[in-house]
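Student: Here are the chains, one letter per residue:
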Amino acid sequence: MTRMVKIPGGGRLSRLMAGLVIAAVPATGAVAADGDGTRIDWGPYKVGDVRSGYTYAGAQTRAMQDDDFQNPAFLWLERGAELWDTAEGAAGKACADCHGDAEESMADVATHYPIYFEDWGKLMNIEQRINWCRETQMQAEPFEWESDDLLGITAFVKHQSKGLPVDVSVDGPAAPFFEKGKAFYEERRGQLDMACTHCHVDHPGDLIRAETLSQGQANGFPTYRLKWQTLGSLHRRFRGCNRNIRAEPFPYGSDEYTNLELYVTWRGNGLPVESPSVRK
Amino acid sequence: MATIRPRVKAPKKAAAGEIIEIKTLINHDMESGQRKDKDGNPIPRQIIHKFTAEFNGTEFFSVDLAPAISANPYLSFNAKVDESGEFTFRWFDDDGSVYEDTKSIEVT
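Taken in order, these protein sequences are the chains called R and Z.
Under numbering that gives the first Met the number 0, read the first sequence as residues 0 to 279, first letter to last.
Under numbering that gives the first Met the number 0, read the second sequence as residues 0 to 107, first letter to last.
Mixed in with the good hints there might be a few duds.
Covered stretches of chain Z, going by a simulated chain R footprint (3 or more residues, C-beta under 8 Å) [claimed, not checked]:
no.	region
1	4–14
2	17–27
3	67–79
Within a straight-line C-alpha distance of at most 25 Å, the following computed SDA-like cross-link-like pairs (lysine to any residue) qualify [stated by the list, open to error]:
no.	chain 1	residue 1	chain 2	residue 2
4	R	Lys279	Z	Phe59
5	R	Lys279	R	Trp131
6	Z	Lys35	R	Asp65
7	Z	Lys37	R	Pro250
8	R	Lys226	R	Glu247
9	Z	Lys49	Z	Phe59
10	Z	Lys22	R	Asp66
11	R	Lys279	Z	Arg6
12	R	Lys226	Z	Ala67
Computed far set for chain R versus chain Z, every beta-carbon distance over 10 Å [as the list claims (entries may be wrong)]:
no.	residue
13	Val49
14	Phe68
15	Pro71
16	Phe73
17	Leu74
18	Glu77
19	Asp100
20	Pro141
21	Glu145
22	Gly162
23	Glu178
24	Glu185
25	Ile207
26	Gln228
27	Tyr251
28	Asp254
Because the hints were derived from the structure by calculation, they are not lab data.
The structure displayed is predicted, hence computed values, not measured ones.
For every residue, glycine included, the Cβ atom is placed at its ideal position computed from N, Cα and C.
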């Protein structure tokens, strides 16, 4: 069962029947119908009603993600692994000089970001953390957003958490930012006057023109998008979505998008980190 | 990406006469020549137009690639191996560069 059953406003019979349909759904929550009608056990990619974008992707796209060799994002990952060990900046340090082996030190970081960063008094995501480290610890130039270097090192760091469930904290000092992100998510904007919820809460699995809408989960970013033909960040995706509804996109790394990132990531708490994923 | 990184996955060992699968991937923009830059000037075509695979110096597989092929082309193909030796893979860029990777295989 992938779609919400809408109960028509009418009489008791239709409500009763809708109730029967819901009751008839098998208890094995992980089984769902694929686009071509075959039944697939989504395994970890479906937790309760929360479904990774993986479950909305076509079989060929999923195959690209399943095979680390076929997944072109791993070309960026190799770049990221090199950068991890490359000393840069006035301090003459590399990531590895403080953090050692990424497999150990970065083992679960992607499950917790974005976090509340006390020095800033606001949220910080992984890209911002990497650039903060570069500027503060390495005294090097920060990487530009959407540069191959920043995408590569971000994908490399997040990949260390692959398979672990997302578990961002939204209480304590992060709470007001979470609320701002939630408000952004629910607020209508742009000439089409649409909020994120109109696609990603009300209609996942349905078509928008020829494309299948997903729940808009963040657990696979940075993602290799076939349309982009390159790796891209979550903020790039946000900008694309905002443009689609003819709204003015916010800048990369803006507070609006980082707050939104926390809310969107929280929606997918429990899903495994998939970075770097492949999507259409 | 600035640095071109060819990647090849092939088994290191095989039985004589076995049919093996070879997978290749290379990062390349595959600029089609159809696009225009911000000022409206056409961006010149730059693609990988040819790929070849040799075994012990003999070409056994080649592909002509066309501008409609997407960035970072992935190719996989099969080969029957009768003897130990070395595979050589070459990607030919429009700008004249040739990217090369080799893999050796032991046939038992």
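Student: Now tell me if each hint is right for this structure.
Tutor: Cross-check of the supplied hints:
1. 4–14: Since 3 is at least three, the answer is holds.
2. 17–27: holds (count 3)
3. 67–79: Holds, because 4 residues of the region 67–79 of chain Z bring their Cβ atoms closer than 8 Å to Cβ atoms of chain R.
4. R:Lys279 x Z:Phe59: 33 Å, violated
5. R:Lys279 x R:Trp131: Given pair Lys279 (chain R), Trp131 (chain R) is violated - Cα atoms ~31 Å apart, limit 25 Å.
6. Z:Lys35 x R:Asp65: 35 Å, violated
7. Z:Lys37 x R:Pro250: Holds - the C-alpha atoms of Pro250 (chain R) and Lys37 (chain Z) are around 20 Å apart, at most 25 Å.
8. R:Lys226 x R:Glu247: 21 Å, holds
9. Z:Lys49 x Z:Phe59: Holds - the C-alpha atoms of Phe59 (chain Z) and Lys49 (chain Z) are around 14 Å apart, at most 25 Å.
10. Z:Lys22 x R:Asp66: It holds: about 11 Å lies between the C-alpha atoms, which stays within 25 Å.
11. R:Lys279 x Z:Arg6: 23 Å, holds
12. R:Lys226 x Z:Ala67: With Cα atoms ~13 Å apart, Lys226 (chain R) and Ala67 (chain Z) stay inside 25 Å; holds.
13. Val49: Given that every Cβ of chain Z is farther than 10 Å from that of Val49 (chain R), nearest at about 31 Å, it holds.
14. Phe68: 5 Å, violated
15. Pro71: 4 Å, violated
16. Phe73: 8 Å, violated
17. Leu74: 4 Å, violated
18. Glu77: Since the minimum Cβ distance to chain Z is about 6 Å, Glu77 (chain R) lies within 10 Å and the statement is violated.
19. Asp100: 23 Å, holds
20. Pro141: The claim stands: Pro141 (chain R) keeps its Cβ more than 10 Å from every Cβ of chain Z (closest is about 18 Å).
21. Glu145: Check passes; 12 Å lies beyond 10 Å.
22. Gly162: Gly162 (chain R) is indeed farther than 10 Å from all Cβ atoms of chain Z, at 22 Å.
23. Glu178: 39 Å, holds
24. Glu185: Holds, because the least Cβ-Cβ distance between Glu185 (chain R) and chain Z comes to about 35 Å, which exceeds 10 Å.
25. Ile207: 23 Å, holds
26. Gln228: At roughly 4 Å from the nearest Cβ of chain Z, Gln228 (chain R) sits no farther out than 10 Å, so the non-interface label is violated.
27. Tyr251: The claim holds: Tyr251 (chain R) sits with its nearest Cβ about 19 Å from chain Z, beyond 10 Å.
28. Asp254: Since the minimum Cβ distance to chain Z is about 28 Å, Asp254 (chain R) lies beyond 10 Å and the statement holds.
When the structure is compared with the earlier hints, violations turn up for hints 4, 5, 6, 14, 15, 16, 17, 18 and 26 and for no others.
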